[in-house]
Amino acid sequence: MNRLLNFGVYCWSWIATLGVFLVVGLLLSYLLAQGLPTIGKELFFGDAPAWEAIFGQVRVWDALWPACVGTLFLVLLATLLAVPIGISSGIYLACFAPKSFKRVLSLLVELLAGTPSIVMGLFGFAFILFLRNTFFPDANTSLLLAAACLALLILPYLIFTTQAALESLSDEYRLIGPSLGFSQIQTVFHVLLPAAGRGILSGVVLSIGRAAEDTAVIMLTGVIANAGLPQGLFGKFEALPFRIFYLAAEYQTPAELDSAYGTALVLLCLTGMLYGSALALHKTLELRWNQHG
Amino acid sequence: MSKYVETLLKYATVFSALIVLVLFGFLTYFTLPLFAEGQITELFSLHWRPFHGEFGILPMIAGTLALAISALLIAYPLGLGICLFVHGLGPRWLARPILLLIHGMTGIPTVVYGFVAVFLLVPLLRNNFSHGSGFSLLAASLTLSILILPTIVLLINSQLEQIVPKLRLTTTALGISRIHELTRISLPAASYGLLAAAILGFGRAVGDTLIALMVAGNAAQIPGSAFDSIRTLTAHIALVVATDSQSTTYHSLFACGLILFLTTASVNLLLHRIKHRACRETNYE
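Chain order of the listed sequences is Y and W.
Residue numbering for the first sequence follows my numbering, starting at 1 and increasing by one per position.
Residue numbering for the second sequence follows my numbering, starting at 294 and increasing by one per position.
Quick caveat, the hints were computed from the structure, so don't treat them as lab data.
Built from N, CA and C at the ideal position, the CB exists for glycine as well.
Possibly wrong hints are sitting among the right ones.
As the list claims (entries may be wrong) - Straight-line Cα separation of at most 27 Å, DSSO-like style, residue types lysine-lysine; simulated pairs:
#1 Y/Lys283 - W/Lys568
#2 W/Lys303 - Y/Lys99
#3 W/Lys296 - Y/Lys99
Said to hold, decoys possible - In silico negatives: residues of chain W with every beta carbon more than 10 Å from chain Y:
#4 Arg385
#5 Trp386
#6 Ala512
With the rest of the complex left out, here is chain Y:
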């Protein structure tokens, strides 16, 4: 009986691993097979001439370019908003916060990290309703609002990775500063931060990836299907993940479906590259510590 159970567990571990391996392999090869043939000028710019489309002189219809630009602006803006606050908070929690204060703050940040992205979007939506009821009757969802909500979404990741990168430094590093007569601030900025730089950077890259793939937040805060290139901070915009969602639900012609496959592949490559480089940064960091240790 016991032996049978063991054999069952053994078999299950193989089945589970191979099964998941197969499913992910199937998913990737399916996307590659359907998406690769569609990659080309047509996918990105439709009928419009490429150069003029890039500089926004010609409006691009039914193609990827506006969504690419939208996602780029969105991610840049969200990162700009979140990085200074996130890294500062991470530094404070790792190096300055008194113990009991730190516990309360960390708990609140953990709660923020666990909040579903749709609730973050709803928060942005509620904020607009609030503005409409109070100061600005014609406030509307926009690029800036979406970026701000995305910034809230990635903020906890930035905080945690910064904090973890600083706290994982060996104690010798923490002692270098005081032994040379540095103040705590000097130690942090001249010794600890440079040493933890790669870890922090990998956190930033990781959160860019998160911001680029999230769909639920922007759905409630201003993305639409045919906005064209984003018209400023208070305009509507397009984005890659939303385009995939929209086309999967509403495609009318085989050409649109092809374009959806292409979009999915492009987004997958984008986030794949971001996650890959974050992982690589993290690995080189670990390698460096192991050599030193």
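Got chain Y sorted already, so can you dock chain W onto it with the hints?
Chain W in isolation, oriented as in the chain Y frame:
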């Protein structure tokens, strides 16, 4: 000078920490009118028919629970199997590539999972089972289980990584087989990790929007079978914001948001407690 820098860092942190409270405040503020107008009982009714003035969200709560639990029931055993594979039941040279693959899976966008499920899994279900359109609880829970799998595997794995190397020399010297060591010693020792993985997996499953929205069919009904179309709280919020613009429906929307928020917040508080306890116990040893 340095005092200013520290103060600045402190304010940034307080700001980050306060956001979640502001968020909670906003959701509550917009849900309050429901209490005031006595619509709170209507909220917990079985029918979502906004044009008849019925705003029951019970079907969505049931849908969310059904989806999250079934996805967890699929993903958890798979995740456990993979962890055992990595920690000794499979060949050693495969352990690192498998973990790398699982890490990589966290980088695949949710919308891509949903997209592939719509065009690969849903037709498969539609053609093999003659129940409706294929957009169903089953399709969504299968897809969602793949999404939450890495969360579960990585958490259990991080716990086992701390336990297994310490035990391996002893158990090998005692002649205990690999499988005995894992199932009788390592896994029981990792019980906090196992529990935390289940809770975190559940939290992620509850919070996911896109897969439910794309694959589950979105009919506001209590699911009767795995082939029924369901609507989750998350998908409900997305759908109502996209279609309705009457302010009466919005209040029930914020109630959905509040329920979601409270669910994930309690999940995280629970995790926090577990982690705290686990830390304390390992320190006593």
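Hint-by-hint comparison with the structure:
no., hint, in the structure
1, Y/Lys283 - W/Lys568, "26 Å, holds"
2, W/Lys303 - Y/Lys99, "14 Å, holds"
3, W/Lys296 - Y/Lys99, "19 Å, holds"
4, Arg385, "13 Å, holds"
5, Trp386, "13 Å, holds"
6, Ala512, "15 Å, holds"
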